[in-house]
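First to last, the sequence lines map onto chains F, P and L. Be aware that the first sequence starts at 1, since it is given in the working numbering, and climbs by one per residue. Be aware that the second sequence starts at 1, since it is given in the working numbering, and climbs by one per residue. Be aware that the third sequence starts at 1, since it is given in the working numbering, and climbs by one per residue.
Hint data in this document are derived by calculation from the structure and do not stem from the laboratory. Some hints here could point you the wrong way.
[What the hints assert, rightly or not] Covered stretches of chain F (chain P as the covering partner; in silico rule of three or more C-beta atoms under 8 Å from a C-beta of chain P):
no.	region
1	271 to 282
2	301 to 312
3	344 to 354
4	365 to 373
[Stated by the list, open to error] Pulled a few chain P residues facing chain L out of the computed Cβ check, cut under 8 Å:
no.	residue
5	VAL94
6	VAL100
7	VAL105
Built from N, CA and C at the ideal position, the CB exists for glycine as well.
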Amino acid sequence: MMRLAWIALAAGTLMAGQDNTFLLRNATVYPVSGPKIENATILVVDGKIVEVGVKVTPPKGKIKIVEGKGLQVYPGMIDSGSPIGLSEISSVRETNDVGELGDFNPQLRSIIAVNPESEHIPVVRANGITSVMVLPGGGNGLVYGQISLMHLSGWTWEEMEIRRGAALQMRWPTYSMGGRGGGGGGGRGGAAGGGMAEAKRVHDQQVKLIQEFFEQSRAYQLAKVAGTPGLKPELKFEAMIPVLEGKLPVMITVAREREIKEAVEWATKEKLKVVLAGVRRPGKMTEELAKRNIPVILGSTFEVPLEDDDPYDEPFSLPGELQKAGVKIAFASFGVQFARNLPYQAAQAVPFGLPYDEALKSVTLNAAEIWGVADQYGSIEKGKWADLIVTDGDPLEVKTSVRMMFVKGEPVDLESKHTRLYKKYLARP
Amino acid sequence: MRILLIGAWSAAFCLTAGFAQDVTVIQNATIHTVTKGTMKGSIVIRDGKIAEVGEKVMTPSGARVIDAAGKHVIPGIIDCHTHIAVDAINEGSVSVSSMVGVGDVVNSEGKDIYRALAGGVTTANVLHGSANAIGGKNVLLKMRWGKDADALVFQEALPSIKFALGENPKRAGQATGFQAPGAQQNLRYPGTRMGVEDVIREAFLRAQEYQKEWKAYEAKKSKGEAALPPRRDLQMEPLVEVLEGKRLVHAHCYRADEILMLLRVAEEFHFKIATLQHVLEGYKLAKEIAAAGVGASTFSDWWSYKVEAYDAIPYNAAIMHKKGVLVSLNSDDAGGAELMRRLNTEAGKMMKYGGLTEDEALAMITINPAKQLKIDQYVGSIEAGKQADLVIYDKDPLSIYSKVEKVFIDGNQYFDREKDLEERPKQDARKKGLLEKEKETEKRNAPLSRRPS
Amino acid sequence: MLLKSLSLFVLAGAAFLPLQAEPPSLIAIQDARIITVSGAVLEKGTVVLRDGIIADVGAAITIPKGAWVVDGKGLTVYPGLIDGFSTWGIPDGAPVAATPGGRAAAPVSAPAGTPAPARSQGPADRPGTNSWVTAADLVKTSDRRLDAARGAGFTSAATFPRPGLVGGHGALVNLAGENAGRMVVEPGIGLLLSMGGGGYTGYPTSSMGMISYYRQLWIDAGHYKLNKEMYAQSPATIERPGYDRALEGVLAAKKVFLPAAGPMQLERALKLAAELKATPVIYGAVEGYRMAATLKKTSTPVILNVKWPVKDREADPERVDSIRTLELRDKAPESPAALVAAGVKFAVSSDGIDNPKDVIKALKRSIDLGLKKEDALRALTLSAAEIHGVGARLGSIDKGKIANLVVTNGDLFDDKTKVQMVFIDGVKYLPPPETPPTPRGGAAPTAPGNETQEEVEH
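Isolated chain F (complex conformation) (with noise of 0.2 Å):
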């Protein structure tokens, strides 16, 4: 199947000309910023969107044609949140470039250390997923480094680039009772046996040592800004002064309401730009993020109810509820063993609540807005980067298969170990 569409893209090539500058065309068109254009063809310069329409006035002079008939073109998913480049196989050490030492790491910059040749992007993007938010952190660090947005193709990390730093990731701590985890967050054990006494004080201790840190940041920043003479640099404290100035937004990983609303009261307070993570249980705090317009990025819905009193379906209800409130969504991995999956997160919840179109913008546009680059990606508009995939059904569905690929408007490969061993073994005798 998958080789048919390649026959199909090859035979449209009618010019030797960019390979980003193309015309797609007969394709049902979902621009998830509009409604769906049938018929419709899109016309691609230099990897840029320039027009999508029924009438398309194809440029001057010979253009690769991609022939879209029976199919379906979508704009490129978006993982927000997964390690992916910098974990290969989650057991073995030495493969898990993921949760440097330290409480405080502002300064990495996880982009660096993925790989490109990781048998995870092909495997992943052969879903749709054209871009991921690369997670450095997880586990008991505070503040884990930034996260990198990058597109699942590229020779090298740097080619693979989006942004750099997209945000800050980092953990707010939890009441950890030794073995009464509290799903999504990380928790810093040290309260084993100790009770509710013990998990308070490792928690306030904490706290307390984030408030603290960014109290130095910031005199880092007057002293900077008022250019105090003998100051010397410090990466920590450089890469702190965009987060201070409200430019980069911070993902902070939080489950539960009291967490939450320390959490937001602190970032508020701080003047921070936020973003939720891995939020399993907010409570009265829904409405106070729908309030305050603060996105939530959820993580599986597949995963087993918190308690044991809650319905069966409380994980796949969730972001039906937050969407609901007013609460912007955007769905993440945070893995890489299922990070292929990422659509089928989003569809869960749809049977429970969340309605169609905000579960297909919750994996393009919503990601696009919540990580800034909306004027550049998540949608099938005019001026926006060519990151399409090109189905033969609902890419959010789990028969569909996604035919072909454009990042920045060249042609992915859709070939990966997987499908390689397959066609490998399929054909042993």
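Start from chain F and add chains P and L according to the hints.
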């Protein structure tokens, strides 16, 4: 005792107590029989069994009628590999733990049963863990939520046992990382895949000896000679049953090499493997697996979580299926029914990864696991005479947008989404009441004598 | 701190010795309220104790000549209370915390000074099997906890050796005596099986392993018995069985004591007992209110743990417990009444309770919730005696029974009531001074069905 408990529970929990012996008709549904195609029609349920399936059926007056217009019905989902509903999974202290059985510690009150049910699973193969080359005995359960442990057991099924190959059973035999040399003495044989084979061969050699001992005793006895019977050995008995074909073997495995090893060891000792479980590299060995007539129960798209899963591909099920292996998809759920709530979409993925048809995909969670577990004459498809284990979906069951609405086991309705939704505020109120009552009680009751400080 | 409590112990011990150097052998408690348990209450009656036996009881009894008389005005006499499942009398016999089965279960380390036992590789190693141990061999009059127990009105206990999978044989003992041997009323009341126990490493580590292990142990005992019988008949042709103290101990078991927190564990325990062809007595039963029907149906007696589960004070206040847990805490104190209503014979246990008086306080809570006082009292006396096979000798104030009595200044379940004296084998003991030293308690009962699920590897 059992009779009394079942009686008490079904009155309280079974949604259709009183209907069971009567007739229920599911009308106007799209019926995916799996074995006999898909049709629009009705299913008549009587005495817990499917009495009739067809476009036009006879409906007795007074029957309970469920109008399923626009809905889809499939056979109850059979999950060939889970670890739910038990209080213990591994007896990891020994390399051959065939004397233990998870059936002894069925936890009939675990919420995971209900959650699996809500995902349309009606039968679950609950396996011992993978800590040992030869693990413990498994138990096949029906998700009859609310019944006691004995009443969950799939009575007609053959008993089975777990084997495990590769990384897990050898882990206890490997000093990893920077362990001090002193740690070596606590290691448990085996520490390599070679040792795993050795443990299995040695155990079956012993089982053969044990079998001979008993035969010799029986011979003496039949001649009227006074003889002391051999000591019954609970570790050996299940292995003898395997040798005699009375107990199914479900073997956890990943790599092609270890799978081939097990197929050959089984040949050497003249027993059969019922299923290879996980079998993520089964696609590399499909020819041999098919030739051995061994089933394969795998995942849809799991990979890369450990070294032996690095060559796993989502096309595994499709390749094996195309090459003649009987394939099922399972959840491997433990401690909560995660995947069990949506095995239908795992099957749906097979239409993409390898281009299976709807029926082929559905078969992998219904009739195929039924065949692997040798219960296909009772369940696994919608056919007259089979046990009425049925799931009603609101939409195409292979679509991620579908929801389970009703689940029947033996004709009794055990799950109803509407009722589930209705119950939620009641449960909340009940909880609130209990919390308030506890507060009151605490106020009233002085604490017991203080401990000396 | 430790020194202080030790010195308290010494004082208390001194105060609680029989006061007379040569205790009188003939005693009469006159004009007291007498709760016989077996019969009607005597509002004003007399009990006569002679040579450690209840010689007479009634409303109109002539005090025999030479009797030492206790003026019973304002006093109430009860049969001595019996702890149905205990370690009292076995010094350092406080139960070790039970470890749940499963991979997570850490082997309990051997007491300091003893070499670590070899790792058990399978059933043949008989791990943690102390079936030759009997409580009767272990009891000592010097157990420091006896003072507090008697102070709460207890005169006897069914006491069990605890460590190991098979703890050993329990004994019904009086909580005082001239010497250890004199304490024992009945030496072999049954074999204690645990579903945890510890004291060994290796197989079995899981609850299913333990069940399988018991099965094999009983099979082995049966085989051993058969071997012995056949050998006795034809020593020339049948191999002589090697003496095996563990199997001897199993064969000697009159009953097995099995734990069951709730209905699910009860189902398992009853199935196991049936397989072993052993008569079961259930201990624990925190969810007794859900177990009554099955216990009745199977005529299984139960020793109820009355350490009612309470809210975890250490828990995160924002995490609300499940309905199931809340219900357990709400309903557990109603268990005794539920057992009575179903007609189940039950006794109560001090297991996990530090202060013996709290056993009575716990029952008081059940009384407030509808349990009849006489039923509570029966559980503490005659039912316990009957369950342990000493109903003809203990548990009620009847002529010919052992003279174990507790004398109070009011209703036993009244908070203000004080134990004035107890009689054990007709010997008077005074309660220890207030703020008694508390014996070491054991592990709190765990909620049923809460055994943590292990993570499995795929």
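Going through the hints against the structure:
For the region 271 to 282 of chain F, the stated coverage by chain P is violated: 0 residues have a C-beta nearer than 8 Å to a C-beta of that chain, whereas at least 3 were required. Given as covered by chain P, the region 301 to 312 of chain F passes the check, having 8 residues with a CB less than 8 Å from a CB of that chain where 3 are the minimum. Using a Cβ-Cβ cut-off of 8 Å, 6 residues of the region 344 to 354 of chain F lie near chain P, which meets the minimum of three, so the contact claim holds. Three residues within the 8 Å Cβ limit are the bar, and the region 365 to 373 of chain F against chain P gives 0, so the coverage statement is violated.
For VAL94 (chain P), the shortest C-beta to C-beta distance to chain L is roughly 5 Å, which falls under 8 Å, so the interface hint holds. Below 8 Å, beta-carbon pairs count as interface contacts, and VAL100 (chain P) has one with chain L at about 4 Å; its hint therefore holds. The interface hint given for VAL105 (chain P) holds, since its Cβ lies 5 Å from the closest Cβ of chain L, which is under the 8 Å cut-off.
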